[in-house]
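K.L.:
First to last, the protein sequences are chains G and W. Mapping of the first sequence onto our numbering: residues 1 to 516, in sequence order. Mapping of the second sequence onto our numbering: residues 1001 to 1380, in sequence order.
FYI, nobody ran anything at the bench for these hints, they're computed from the structure. Be aware that a few hints might be false.
Listed next, the in silico EDC-like pairs over lysine to aspartate or glutamate satisfying Cα-Cα at most 20 Å (straight line) [as the list claims (entries may be wrong)]:
| id | chain 1 | residue 1 | chain 2 | residue 2 |
| --- | --- | --- | --- | --- |
| 1 | W | K1252 | W | E1322 |
| 2 | W | K1185 | W | E1158 |
| 3 | W | K1262 | W | D1366 |
| 4 | G | K184 | W | D1379 |
| 5 | W | K1083 | G | E494 |
| 6 | W | K1252 | W | E1089 |
| 7 | W | K1078 | G | E49 |
| 8 | W | K1083 | G | E49 |
| 9 | G | K184 | G | D56 |
| 10 | G | K414 | G | E338 |
| 11 | W | K1185 | W | E1089 |
| 12 | W | K1166 | G | E494 |
| 13 | W | K1377 | W | E1322 |
| 14 | W | K1114 | W | E1126 |
| 15 | W | K1078 | G | D56 |
| 16 | W | K1166 | G | E491 |
| 17 | W | K1078 | G | E491 |
| 18 | W | K1185 | W | E1254 |
| 19 | W | K1078 | G | D445 |
| 20 | W | K1083 | G | D56 |
| 21 | G | K332 | W | D1183 |
| 22 | W | K1166 | G | D445 |
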Amino acid sequence: MAHGPAKGISRWLFTTNHKDIGSMYLWFSFAMFLVGGLFALVVRAELFEPGMQIVDPNFFNQMTTMHGLIMVFGAIMPAFVGLANWMLPMMIGAPDMALPRMNNWSFWILPFAFFMLLSTLFMEGGGPNFGWTFYAPLSTTFAPPSVTFFIFSVHIMGISSIMGAINIIATILNMRAPGMTLMKMPLFVWTWLITAYLLIAVMPVLAGVVTMMLMDIHFGTSFFDAAGGGDPVLFQHIFWFFGHPEVYIMILPAFGIVSAIIPTFARKPLFGYSSMVYATASIAFLSFIVWAHHMFTVGMPIAGELFFMYATMLIAVPTGVKVFNWVATMFKGAMTFETPMLFAIGFVVLFTIGGLSGLMLAIAPADFQYHDTYFVVAHFHYVLVPGALFSIIAAVYYWLPKWSGRMYSEILGKTHFWVAFVGLNLTFFPMHFAGLAGMPRRIPDYHMMFANWNMISSVGAFLFAGAQLLFLYIIVTTIIKGRKATDRVWENSEGLEWTVPSPAPYHTFSTPPEVK
Amino acid sequence: MLMKAKRLTALLLAPVVLMMSHQALAEEGGRWSYNMPEGVTPVSQTIYGLHMQMFWWCVAIAVVVFGIMFYSMIRHRKSRGVKPANFHESTTLEIIWTAIPLVILIIMAIPATKGLIQIYDAEEAELDIMVTGYQWRWRYDYLDDDVSFFSNLSTPREQIQGLEPKGPHYLLEVDEPLVIPVDTKVRFLLTAADVIHSWWVPDLGVKKDTIPGFINESWALVTEPGTYRGQCAELCGRDHGFMPIVVEVLPKEEYEEWLAAKREEAEAIRALTEQTFTFDELYDRGRDVYNRWCVACHQGDGQGVPGTFPGLIGGISVGPVEGHLDVVVNGVRGTTMQAFGSQLSEVDIAAVITYERNAWGNNMGDMVQPIDVFNFKQDN
């Protein structure tokens, strides 16, 4: 028990402590969130009104590309890994992660990957400008020279994710306290276990596709070049075989977080625990057989279109089960609306809207009109921003008192929620209209008929960005001078993490707790 | 309960109704267009029907789910002094809310399947047009009629840069639209010369990727003459936002007249290859060609974009004519510089090379005649 944290910088460089590593992941992802947000603001500023005002079209493309890459790989994914690091051992009564040294390594290679990715913006020819989906041959034959650095940084991110996933699986399967059977695990543990398997399954596919790009660019192969016997559409199949499970990687842990928060503030146990577990597993399975719904317009045979349409529509069933279970949990509860609960309810409502537009997109014939328009941009931002991001913010408010031992200001937290809520709806709801009216995505300039929606979106985006600076302020002031939190923090919080003191000591559960 | 549901629906519909009044504005090219166009082909109308049907399903689902949720958020709050219930499981409920969505999905899937079968039926077309995507323009080949041309953005750069007021069809106008006859099943064969593009005209209900090395198929049967506008829908590089599509649908007789005129025009351009031009004729024509074809990358002042697109001041423009011809005619493999030999006529290539060699202080004083280009193509 005598082992406390080391002093100075070496504490952070050499740490194998899951709490330290979790904190670093969270701070890193927050930094990336601000960088990715800055890029989005450049995009929204240019789109504020028709005409080219601020940036060159090529730089605009770099901004949309980098915004996507940074948010997906730098903000959302590491934030979930950070939460997993902090919470999984405490939730299952383990003293630390199963593979602590690898844990250090999987975090510390990330900053280098993103340093390399961001440095491409300053290279001759600029950074990646081919969209975060980097379709060949735009990303191979026609790419700027910096694409090689992009490929290498994706490799490093992939290695980091795979190591993190291995660690999480090993921890959950081997280090549960006595009595913590699989079907007693909190849902956040369950969703992360399934997410980790998804990561192990698809990150190598991503590594494979970027390696094929590397070969095409530098070593004379023609995987994606028809002139050499290859096929550009092959790229899309491989990419989306990674890409579709990837979107569930970004949402399954969110389901777990919301399933922890809603029962606490509804003062009622989670409704349908086992159906939640099975629904999560079904979504994970389906995620592997729907990838080509991203490619309805590439000219697949009709049998393929039909298969992917039906399979995609099926996802609505387990996702619906989850939403119904959350609503049933709230029903006849005794609810209070502290900040984590506000974000969790915002999640359920707005994620459902994103899910419904997803159902519309699944209808292949209609997708011929929706595909690659702002309707799609609206859809995936609704599932990622009030979806993945809101759940992360909710988790921070929910567990910050446990981490820091201090309470945040409820008034500021609620202000943060309402400004963010209004900002994001102003930003993303009009995009549905712009897309349906015919505005393609990824264009730096547009016809006047899209002007009003874009102006509203841009105003909303800056408002939303302001809310996140408030978030930073709230976190910092809470850690420095928030009032002391109790061990249980919330009136009705359940789970092992609330049985340890606040702030959680450097080492918890050195002797395993007994779970009944 | 029923009354409540009705009131809720009315409340939810309010913004939609409100926006209906903006439709008039939308038709004037206003700024409030908010929905998918119904379009002018059987396919586009099928898609519109499916879209609206799906939309109302989604509204209905949202009303039910959010209705229960908000009811519970209002009634079941701790501040009202309620005691929480403790139920947390019901196999019956789980089965019900798995089965009902499944039934709804099947109801949705039936018309969707029919729609897809209709879209995929490109058989028995009366007219075949090859659509080729280039960075950043479209090429249309009328396969049975020996007519072929490019379609470029015609919005002046001054409008884009905000130096002039924007026209009514800002960024949705081209120098030469695709022309097709009304009430005729037209089959599009789609491919690309460089990267993947996507040919999209909302009113036709057609969006199909154009993929280099492969040929995709789509079709349209337009029932109303008129002008319909669309854009490239797949990110294809720097000027992805600047390659619109304009389709002009003409009555059949007018279409035949247009076709005949187009054939004559092609003949006339071929004849120009044998003519000799003065320096000024070439220089002036070259400036026009440059501003339509080259300016997007090499910029109006010939400076290019450092690191991405080479400048044309000095360098190749002051080197040997042969080298200059080679780059323009054959392109530079592995870069975005295309082979313009198959895209521009001999006279246009001659003119643009003459222009580049004498503009922006390049004062080479030499010129290239169409016949030189013809001979170069023969030898290379």
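K.L.:
Give a verdict on every hint.
P.N.:
Okay, the hints, checked on the actual structure:
Under the criterion of a C-alpha separation no larger than 20 Å, the hint pairing K1252(W) with E1322(W) is inconsistent with the structure, at around 46 Å. For the suggested pair K1185(W) and E1158(W), the alpha carbons sit about 39 Å apart, so the restraint of at most 20 Å is broken. Under the criterion of a C-alpha separation no larger than 20 Å, the hint pairing K1262(W) with D1366(W) is inconsistent with the structure, at around 33 Å. For the suggested pair K184(G) and D1379(W), the alpha carbons sit about 79 Å apart, so the restraint of at most 20 Å is broken.
Taking the CA atoms of K1083(W) and E494(G), the gap is near 18 Å; set against the 20 Å cutoff, the hint holds. Proposed proximity of K1252(W) and E1089(W) is contradicted: the alpha carbons are some 67 Å apart, above 20 Å. Among the hinted pairs, K1078(W) with E49(G) is inconsistent with the structure: their alpha-carbon atoms are about 47 Å apart, more than 20 Å. Restraint check for K1083(W) and E49(G): the C-alpha separation of about 53 Å exceeds 20 Å, so the hint is violated.
Proximity of K184(G) to D56(G) is assessed by CA-CA distance (about 55 Å); at most 20 Å being required, the pair is judged violated. Proposed proximity of K414(G) and E338(G) is supported: the alpha carbons are some 8 Å apart, at most 20 Å. Distance hint between K1185(W) and E1089(W) is unfulfilled; the C-alpha atoms sit about 57 Å from each other, more than 20 Å. With a CA separation close to 61 Å, the supplied pair K1166(W) and E494(G) exceeds the 20 Å bound.
Note on K1377(W) and E1322(W): the hinted pairing holds, with a Cα-Cα distance of about 11 Å set against a maximum of 20 Å. Among the hinted pairs, K1114(W) with E1126(W) is inconsistent with the structure: their alpha-carbon atoms are about 23 Å apart, more than 20 Å. For the given pair, K1078(W) sits about 55 Å from D56(G) by alpha-carbon distance, which is inconsistent with the 20 Å threshold. At most 20 Å may separate the alpha-carbon atoms for a hinted pair to count; K1166(W) and E491(G) exceed this at roughly 60 Å.
For the proposed pair K1078(W) and E491(G), the alpha carbon gap of about 12 Å is at most 20 Å, so the pair holds. At most 20 Å may separate the alpha-carbon atoms for a hinted pair to count; K1185(W) and E1254(W) meet this at roughly 17 Å. Of the pairs offered as hints, the one joining K1078(W) and D445(G) is violated, with about 50 Å between alpha carbons and a cut-off of 20 Å exceeded. Distance check on the hinted pair: K1083(W) and D56(G) sit about 60 Å apart at the alpha-carbon level, beyond 20 Å; violated.
For the suggested pair K332(G) and D1183(W), the alpha carbons sit about 60 Å apart, so the restraint of at most 20 Å is broken. Among the hinted pairs, K1166(W) with D445(G) is consistent with the structure: their alpha-carbon atoms are about 12 Å apart, no more than 20 Å.
Checked against the numbered hints listed earlier, the structure breaks hints 1, 2, 3, 4, 6, 7, 8, 9, 11, 12, 14, 15, 16, 19, 20 and 21; every other hint is satisfied.
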